[in-house]
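A.B. asks: Sequence:
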Amino acid sequence: MSVEVELEESVGYTPLQRMRHSAAHVMAEAVQEIFPDARFAIGPAIEDGFYYDFDLPRALTPDDLPDIEQRMARIIAGKYPFLRDRWPREKALEYFREKGQTYKVELIENLSDAEVGIYQQHNFLDLCRGPHVSNTSEIGPFKLMRV
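Here the sequence shown stands for residues 168 to 314, numbered as in the working numbering.
It cannot be assumed that every hint is accurate.
Claimed, not checked - 30 angstroms max Cα-Cα, derived BS3-like pairs, lysine-lysine: (1) Lys-310 x Lys-258; (2) Lys-266 x Lys-246; (3) Lys-246 x Lys-258.
Since the hints were made in silico from the structure, they are not lab data.
Given the sequences, and given the hints that come with them, work out the whole structure.
C.D. replies: Here it is as structure tokens:
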């Protein structure tokens, strides 16, 4: 049972922060397309952009960035909604354990909340508090600058 992003959740976040945070999730989806066994840690908006911590079978290089950007552009053009949900802690632990997402399991285990935030866009589902833009097309132009 997912719902689209609600406006009140965005209090305290600028539109640019929401765009950057959403771009991090889209980048994670693009990386997951290339590396299906990728493990994900966190992916926040930061002062000058966004990042996502990945555990990959090999290190990314600057040569990987054009492929990731191209995949991101396709996802962004798809206008996929960011769907928000709340899962019981145990359901989230079970899901991320099944997916081999050990960093997500560790994050959840360190939370005391009975429920955790889950966001999904297109083919990527993530542990997340949000907020995000309504759909991927609102992310706008971007450029991956460094690995």
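A.B. asks: So, for every hint listed, does it hold in this structure?
C.D. replies: Hint by hint, here is what the structure shows:
The hinted pair formed by Lys-310 and Lys-258 fails the criterion: a straight-line CA distance of about 35 angstroms is larger than 30 angstroms. Among the hinted pairs, Lys-266 with Lys-246 is consistent with the structure: their alpha-carbon atoms are about 26 angstroms apart, no more than 30 angstroms. Annotation: proposed proximity of Lys-246 to Lys-258 holds, straight-line Cα distance about 28 angstroms (limit 30 angstroms).
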